[in-house]
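Asks: So you can see what is in the structure, the chains are spelled out below.
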Amino acid sequence: MSSYNNSARFNEARKVAIFGGTHGNEMSGVTLVNLWVKNSAEIQRKRVETKPFITNPRAVEKCSRYVDTDLNRAFSPENLSAPEGDNLPYEVQRAQEINRMFGPKGSPEAYDVIFDLHNTTSNMGCTLILESSKDHFNLQMMNYIKKAIAPASCLVLLNEHPLLKYSTSRSVAKHPVGLEVGPQPQGVLRSNIFEAMRIILKHALDFIELFNEGMEFPPCTVEVFRVSERVDYPRDANGNIIAMVHPNLQDCDWEPLNPGDPMFQTFDGKTIHYQGPGTVYPTFINEAAYYEKQQAFVTTRRETLLASAIRKHEN
Amino acid sequence: MELVCLPRLPRVAVCGGTHGNELSGVYLVRELLRVQRETSEKEKEEEDKKSMSVLTVLANPKAMQRCSRYIDTDLNRCFTHAILNSPLSDKPPYEMVRSRDLNALLGPKGSCEAVDLVCDLHNTTANMGLCFISYSDCDWICLHIFRHLQRQMPEISMRYIHFDVSNRESYSLDSIGKHGFAIEIGPQPHGVVRSNIYTTMKSGVQHMLDWVHFFNSGTTFEGGLVEVFTMVKNIDYPRDCVTCSITAAIHPKLQDRDFCLLHPGDPMFQTFSGETLRYKGKEALYPFFINECAYYEKGIALSLARKKHVMIPTVRVQTEQEEQANKLGFASEEEE
Chain A
1 MSSYNNSARF
11 NEARKVAIFG
21 GTHGNEMSGV
31 TLVNLWVKNS
41 AEIQRKRVET
51 KPFITNPRAV
61 EKCSRYVDTD
71 LNRAFSPENL
81 SAPEGDNLPY
91 EVQRAQEINR
101 MFGPKGSPEA
111 YDVIFDLHNT
121 TSNMGCTLIL
131 ESSKDHFNLQ
141 MMNYIKKAIA
151 PASCLVLLNE
161 HPLLKYSTSR
171 SVAKHPVGLE
181 VGPQPQGVLR
191 SNIFEAMRII
201 LKHALDFIEL
211 FNEGMEFPPC
221 TVEVFRVSER
231 VDYPRDANGN
241 IIAMVHPNLQ
251 DCDWEPLNPG
261 DPMFQTFDGK
271 TIHYQGPGTV
281 YPTFINEAAY
291 YEKQQAFVTT
301 RRETLLASAI
311 RKHEN
Chain B
316 MELVCLPRLP
326 RVAVCGGTHG
336 NELSGVYLVR
346 ELLRVQRETS
356 EKEKEEEDKK
366 SMSVLTVLAN
376 PKAMQRCSRY
386 IDTDLNRCFT
396 HAILNSPLSD
406 KPPYEMVRSR
416 DLNALLGPKG
426 SCEAVDLVCD
436 LHNTTANMGL
446 CFISYSDCDW
456 ICLHIFRHLQ
466 RQMPEISMRY
476 IHFDVSNRES
486 YSLDSIGKHG
496 FAIEIGPQPH
506 GVVRSNIYTT
516 MKSGVQHMLD
526 WVHFFNSGTT
536 FEGGLVEVFT
546 MVKNIDYPRD
556 CVTCSITAAI
566 HPKLQDRDFC
576 LLHPGDPMFQ
586 TFSGETLRYK
596 GKEALYPFFI
606 NECAYYEKGI
616 ALSLARKKHV
626 MIPTVRVQTE
636 QEEQANKLGF
646 ASEEEE
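Protein chains in written order, with my numbering: chain A, 1 to 315; chain B, 316 to 651.
Honestly, I wouldn't trust all of these hints.
Cut-off 25 angstroms, straight-line C-alpha distance, at most; resulting in silico cross-link-like pairs (DSS-like, lysine-lysine) [unchecked claim]: (1) B:LYS595 with B:LYS568; (2) A:LYS270 with B:LYS517; (3) A:LYS134 with A:LYS165; (4) A:LYS38 with A:LYS15; (5) A:LYS46 with A:LYS146; (6) B:LYS597 with B:LYS548; (7) B:LYS365 with B:LYS406; (8) A:LYS270 with B:LYS359; (9) B:LYS623 with B:LYS642; (10) A:LYS38 with A:LYS202; (11) B:LYS568 with A:LYS202; (12) A:LYS62 with B:LYS613; (13) B:LYS377 with A:LYS293; (14) B:LYS568 with B:LYS613; (15) A:LYS62 with B:LYS377; (16) A:LYS270 with A:LYS134; (17) B:LYS406 with A:LYS62; (18) A:LYS15 with A:LYS46; (19) B:LYS568 with B:LYS622; (20) A:LYS62 with A:LYS51; (21) A:LYS293 with A:LYS62.
Hints were generated in silico from the structure; no laboratory data involved.
Start from the sequences, fold in the hints, and give me the full structure.
Replies: See the structure below:
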């Protein structure tokens with residue numbers, strides 16, 4: 001019996017996966033997933049089958065982000081439909097395998113939810129990454145998690161930018177959820193970051209269990225930070241960076257950056273100011289892996305999304 | 316107080332990129348090279364009147380290019396007497412070749428042609444502030460430079476770490492100079508350059524060069540007590556006896572508390588099932604290199620040191636006559 005006329009209906013989310021090691025040197029996810037592969041009691045819920053899975057074992061072995069190419073950019077239609085063969089980069093082969101196991105992407109057989117566990121060197125705290133503003137299931141889940149972990153905070157980053165959106169490992173699922181926790185250096189495991197990630201997962205799985213049991217979630221609003229622009233480091237003609245993130249901006253992820261605020265500091269000590277037209281909210285500030293992606297940080301804009309009521313289909 | 320007169324230090328080397336993903340040193344040495352390139356000829360003449368030459372070296376360019384610690388093996392373990400002097404295999408690891416090149420450029424280790432001072436720049440993910448790491452607790456040059464930096468940069472927490480290893484067995488790049496030390500600054504993730512860490516390193520290097528210049532120009536430096544942390548032992552993570560993978564992380568109460576005295580019974584690790592493991596040693600010691608990224612593969616979760624105070628004498632540079640007399644003395648000693 002729905003108390004809301006226009007509640008969105010979804011199938012039960014019975015097939016859930018937790019991905020770790022999509023980047024082999026982001027240790028919280030690698031460690032948690034390895035732990036759960038051995039003993040999955042902690043992630044089991046009624047009416048849900050949760051599969052912990054190491055997505056890039058060779059990169060985990062090397063403790064490097066990737067072997068040939070970034071797995072978390074490899075799930076494009078071209079890659080997934082490329083003729084199979086040993087000459088394909090390791091991560092493209094791996095993307096095809098993962099797509100077969102957890103997808104196919106976009107098909108009714110695909111997994112319902114995939115959580116992909118990441119760490120960042122940026123001071124982002126706990127961040128949930130949402131790939132679509134119209135995914136009311138995910139919006140409700142994120143709202144649930146935010147409430148459950150209060151007063152600790154967990155922010156939502158929305159990336160549906162036509163150019164900056166990329167084809168993630170989790171995108172194989174119907175409801176892809178990225179989880180990014182920092183700051184933590186690559187190759188390092190910090191207990192506080194590890195525990196924070198573990199708690200978010202607990203609440204996320206609780207939400208799915210409640211949903212599957214038939215609980216109806218009333219309409220709500222979710223504050224998100226929408227990816228708006230990529231900002232690169234100043235570079236010389238050879239492509240080498242000539243400046244660092246300014247000390248006033250370093251570690252200030254999610255805080256307003258206003259026109260005229262210091263943004264970079266050159267290696268000889270000069271300050272470069274932000275010249276954009278209005279206030280933005282930078283994040284992924286000084287992420288180690290993004291030097292090679294020509295990104296010092298991304299700017300976002302705050303907005304409030306409306307999530308409609310949801311409940312499961314009566315079968 | 317006792318006065319010790321020491322030989323001049325005409326040749327100083329500043330090295331970065333010995334570990335290719337420790338970016339403060341990489342970018343600082345690049346910046347020093349850029350300034351050298353852009354310095355006009357006239358300014359260079361002025362520079363020449365200074366009391367010393369400064370050699371800036373990017374030690375492991377291939378690892379820098381990949382932004383990884385090393386290519387085949389850790390370069391900063393390749394400078395023992397044995398490794399530098401044993402025959403090379405047919406396909407030697409890149410770093411073994413590189414260590415010989417650097418020894419030819421800055422050494423040879425243990426010889427009188429070696430540069431006078433090698434300062435090698437490093438970063439750590441541990442919350443160690445600025446540390447000097449040296450193989451000697453009686454190298455008055457290193458200790459005086461350390462004290463100079465302490466005085467010039469009072470806002471920076473600074474420690475002198477002593478690894479008690481003989482010169483033949485010493486393995487790091489800075490061991491090939493007549494005097495040498497590493498400057499280790501953290502916390503900074505590998506593959507990242509943080510402006511605060513870079514700026515600290517830059518001023519540290521500047522003050523180091525200033526001190527050498529003052530010393531060479533005849534300034535007398537008063538002696539006194541210096542706090543020294545002598546490395547006692549390393550502690551590994553608890554590991555699964557079959558897979559060798561770690562089964563615990565550094566305890567939140569120990570994380571980031573480098574150089575805070577660790578007492579017997581204090582929490583050290585937290586297992587993934589939430590259990591606290593405690594420090595079982597009998598002696599309270601000072602932890603450092605807590606949760607350094609590169610030491611997981613070396614089996615080191617943290618190192619422990621004992622603190623002591625070293626009385627360092629007043630020093631000044633030898634006069635030319637003293638230097639001559641010393642050389643003669645040295646030569647006659649060698650003949651004996």
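Asks: Next, verify each hint and record whether it holds.
Replies: Quick rundown of the hints versus the structure:
no. : hint                   : verdict
1   : B:LYS595 with B:LYS568 : 16 angstroms, holds
2   : A:LYS270 with B:LYS517 : 14 angstroms, holds
3   : A:LYS134 with A:LYS165 : 15 angstroms, holds
4   : A:LYS38 with A:LYS15   : 19 angstroms, holds
5   : A:LYS46 with A:LYS146  : 22 angstroms, holds
6   : B:LYS597 with B:LYS548 : 13 angstroms, holds
7   : B:LYS365 with B:LYS406 : 43 angstroms, violated
8   : A:LYS270 with B:LYS359 : 24 angstroms, holds
9   : B:LYS623 with B:LYS642 : 34 angstroms, violated
10  : A:LYS38 with A:LYS202  : 17 angstroms, holds
11  : B:LYS568 with A:LYS202 : 24 angstroms, holds
12  : A:LYS62 with B:LYS613  : 14 angstroms, holds
13  : B:LYS377 with A:LYS293 : 20 angstroms, holds
14  : B:LYS568 with B:LYS613 : 23 angstroms, holds
15  : A:LYS62 with B:LYS377  : 18 angstroms, holds
16  : A:LYS270 with A:LYS134 : 43 angstroms, violated
17  : B:LYS406 with A:LYS62  : 22 angstroms, holds
18  : A:LYS15 with A:LYS46   : 12 angstroms, holds
19  : B:LYS568 with B:LYS622 : 21 angstroms, holds
20  : A:LYS62 with A:LYS51   : 24 angstroms, holds
21  : A:LYS293 with A:LYS62  : 21 angstroms, holds
Consistency with the previously given hints fails for numbers 7, 9, 16, ordered from lowest to highest.
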